[in-house]
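Trainee: So you can see what is in the structure, the chains are spelled out below.
2 protein chains.
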Amino acid sequence: MSKALSGIRVIDVSRLLTGPYCSMILADLGADVVKVEVPERGDDSRTFGPFINGESGYYMTFNRNKRSITLDLRKNEGQQVFCDLIKDADVLLENFAVGTMDKWGLSYEKLKEINPRLIFASITGFGQVGPYAKRVAFDAVAQAMGGLMSLTGDPDRPPLRVGTSLGDINAGIFASNAILAALFQREKNGRGQRIDISMHDCIFAILENAIVRFTMEHNIPTRIGSGHPSVAPYNVFTASDGYVIIACANEATWQRLCQAMKRTELPNDKRFNCNQQRSINSKQLDEIINAWTATLTVAELELILQQNSVPVAPVLSIDSLVADPHLRERNMLVEVDHPLCGKITIPGNPIKMELSPDTIECSAPLLGQHTDVVLKEIGYAPAKIEYLRQNKIL
Amino acid sequence: MSKALSGIRVIDVSRLLTGPYCSMILADLGADVVKVEVPERGDDSRTFGPFINGESGYYMTFNRNKRSITLDLRKNEGQQVFCDLIKDADVLLENFAVGTMDKWGLSYEKLKEINPRLIFASITGFGQVGPYAKRVAFDAVAQAMGGLMSLTGDPDRPPLRVGTSLGDINAGIFASNAILAALFQREKNGRGQRIDISMHDCIFAILENAIVRFTMEHNIPTRIGSGHPSVAPYNVFTASDGYVIIACANEATWQRLCQAMKRTELPNDKRFNCNQQRSINSKQLDEIINAWTATLTVAELELILQQNSVPVAPVLSIDSLVADPHLRERNMLVEVDHPLCGKITIPGNPIKMELSPDTIECSAPLLGQHTDVVLKEIGYAPAKIEYLRQNKIL
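Heads up: the sequence lines are chains A and B, in that order.
Everything in the first sequence is counted per this note's numbering, starting at 211 for the first residue and increasing by one.
Everything in the second sequence is counted per this note's numbering, starting at 211 for the first residue and increasing by one.
It is possible that part of the hints are untrue.
For identical chains, the list gives no copy identity; a pair is met inside one copy or between any two copies.
The calculated DSS-like cross-link candidates involving lysine-lysine, where the alpha carbons are at most 30 Å apart (straight line), are [claimed, not checked]: (1) Lys472 to Lys344; (2) Lys493 to Lys313; (3) Lys297 to Lys313; (4) Lys322 to Lys297; (5) Lys344 to Lys553; (6) Lys398 to Lys493; (7) Lys480 to Lys553; (8) Lys480 to Lys285; (9) Lys297 to Lys398; (10) Lys313 to Lys472.
Calculated directly from the structure, the hints in this document are not laboratory data.
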């Protein structure tokens, strides 16, 4: 069965996380992603743990379904090979510092002449234009300067970084949206185009209502732990063997929680007799609930609260997720066969489409595994490939 | 200038955040998003703050560039109107509980007969299939059961919810990827299709290398605050008037930081003389750096560290972001003119494309503002519209 992007070729010179995450989405959707890596060393993420037999699980997670070629873009002959690759490509993805592609003679203006249908997508910390464009960024910088960190954490502690590289990943997911939109637009007008995605813009774009809270009411939103600004109880509570979320969005649910806790006097306590009072006194309220939850296991709390129709959810740790029957059934845990590591379980593709299967066709490539086959596809003779290899262009 | 999705019509019956965020991306890309709201009450998010003149800034943020009609999908006649709307639509987006559309006689199988080119996209907490499919979810449940919460927070405190509704927003961004891919695929095969997006899947898909750390090395990743598992110093530090990120990825940068701190003895201290030692002793290291940063302002730290080529970034709060010259220049803060509230500044569109301008054409609609015009577009006579209104179908 073909996939949504079958027949689309992406030349991907991006490295580390944000670009590879974007091209992973495109590869999972069926695009032929040709990952261009530095000869000998490859993508820096090949050195990021965890490892099996010296191979990076980090790299494997984000580069499944792709092919790898080596090519030295810093050398003139490498740049010529690159231009040949671009001739028939649909998408170029890069996440170098602003100006790097220009410096190598691979500017959008030049590549557009070679291939006017090319979609040239860049992801950088702060975008191609604007006063911060040349500023170096990494994930934590985007989270900090994009405002997300100021909203995450407990009020009595410093701001916190989200426990995944959301600055990178979120920009990658927005970038694939842009590339897909450009592919669709090209069906209408026959033209490629330039795309400029900034990690900083993308974090700023996911701050929910924080911006209008300031622009409309001049409140400066800040950290409120795991609570809700206007609903109580709504928090993470500590069980004897883990943590659960409990939330009561209305009076009836609150009364059922009190029944479950065998604290039927609480709904009449004037500190807790309406949502507004409970929000004001949420610290005391949370202490009362925590005193109860601490006496029970996560499984016991789930059972009791579900019986009482009170919203409850366990805070799941990674080991339990890997065994989760729901994620397994939804093909969100996929076993791939890696040539050097054997069978490895990696996260699956969350884009579930009727006509574009969510299959992971192959594990991440070895460095340069597809150099010969890809160069042959664009018409290079074996002698030329051998010449390029001997001259360390590949 | 046309946009990437000019000419595409989305019938959007989704409410609250995850669906509206998805259709906001499509609307920003130029789709005609017709938001179908419950008569009289509208989208529940119209009751979420902040407010100006009784109008919700929450709703305004996610519903700009859309049109609003009212329609009661619970009534037979409303369902008939809905089927008429679907005839010419390209995309249907919904985020009701699993089975709700079927219950209303608006199943995919039925709508596909009316319009075989229809892309029918659902976003739910746990997806359409799998053992948890019927389980009720909201943002914090997706963050908790998807594993993100177990990774976010300080090690000595309970897990933390990210300070934005990432469970909703992230699924919305993945859903727009799926819809764009389906639109592209339809250009090739002429067929619509079913899309099934789960908030839980989508959170699980952004956990970076957490899954392979468990499946390859049997480590259970957990909360590490804002630090880095294998780089030190790398953290949030407290200035006299705010917070900064400081990171040293190599020895040279670490030595320059020590010079900036006038602590040139530290690189020779055996607790700190290599990255591995610094990681092991990161708590002591962070205390030393915090003792220095506490004596300086954020601006002073930025200046000194930039002069010494040490990566530094301020943790920006929402008020400073709204004044940020870079975000302003990149059109990430957009003033819209709302009929009841006047000029309001909302966040812009982070998808920057050469041939699809990132403009916000209009503010969010009033409830049912476009009911008459949209029903006229599908051929309804004024008398029929009046009849439907009197019978409280609209």
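Trainee: Does each hint fit the structure? Answer for all of them.
Mentor: Now for the hints, and whether the structure bears them out:
Taking identical chains as interchangeable, the C-alpha atoms of Lys472 and Lys344 lie at most 30 Å apart only when they sit on different chains, with a minimum of 28 Å there against 60 Å within one chain. Proximity of Lys493 and Lys313 under a CA criterion of 30 Å is satisfied in neither setting, with 57 Å inside one chain copy and 42 Å between copies. Only within a single protomer do Lys297 and Lys313 lie at most 30 Å apart by alpha-carbon distance; the minimum there is 20 Å, versus 51 Å between protomers. With identical chains, the CA atoms of Lys322 and Lys297 are at most 30 Å apart within one copy only, with a shortest distance of 9 Å there and 39 Å across copies.
Within a single copy, Lys344 and Lys553 get their C-alpha atoms no closer than 42 Å, and across copies no closer than 32 Å, so neither meets the 30 Å cut-off. With identical chains, the CA atoms of Lys398 and Lys493 are never at most 30 Å apart, being 57 Å at best within one copy and 57 Å at best between copies. For the identical chains of this complex, Lys480 and Lys553 are neighbours neither inside a copy (59 Å) nor across copies (41 Å), given an alpha-carbon limit of 30 Å. Taking CA atoms no more than 30 Å apart as the test, Lys480 paired with Lys285 passes in neither setting, with 75 Å inside one copy and 42 Å between copies.
Taking the closest pair of Cα atoms, Lys297 and Lys398 come within 30 Å of each other both inside a single copy (20 Å) and across two copies (22 Å). Taking the shortest Cα distances, Lys313 and Lys472 never come within 30 Å of each other, neither inside one copy (70 Å) nor across copies (37 Å).
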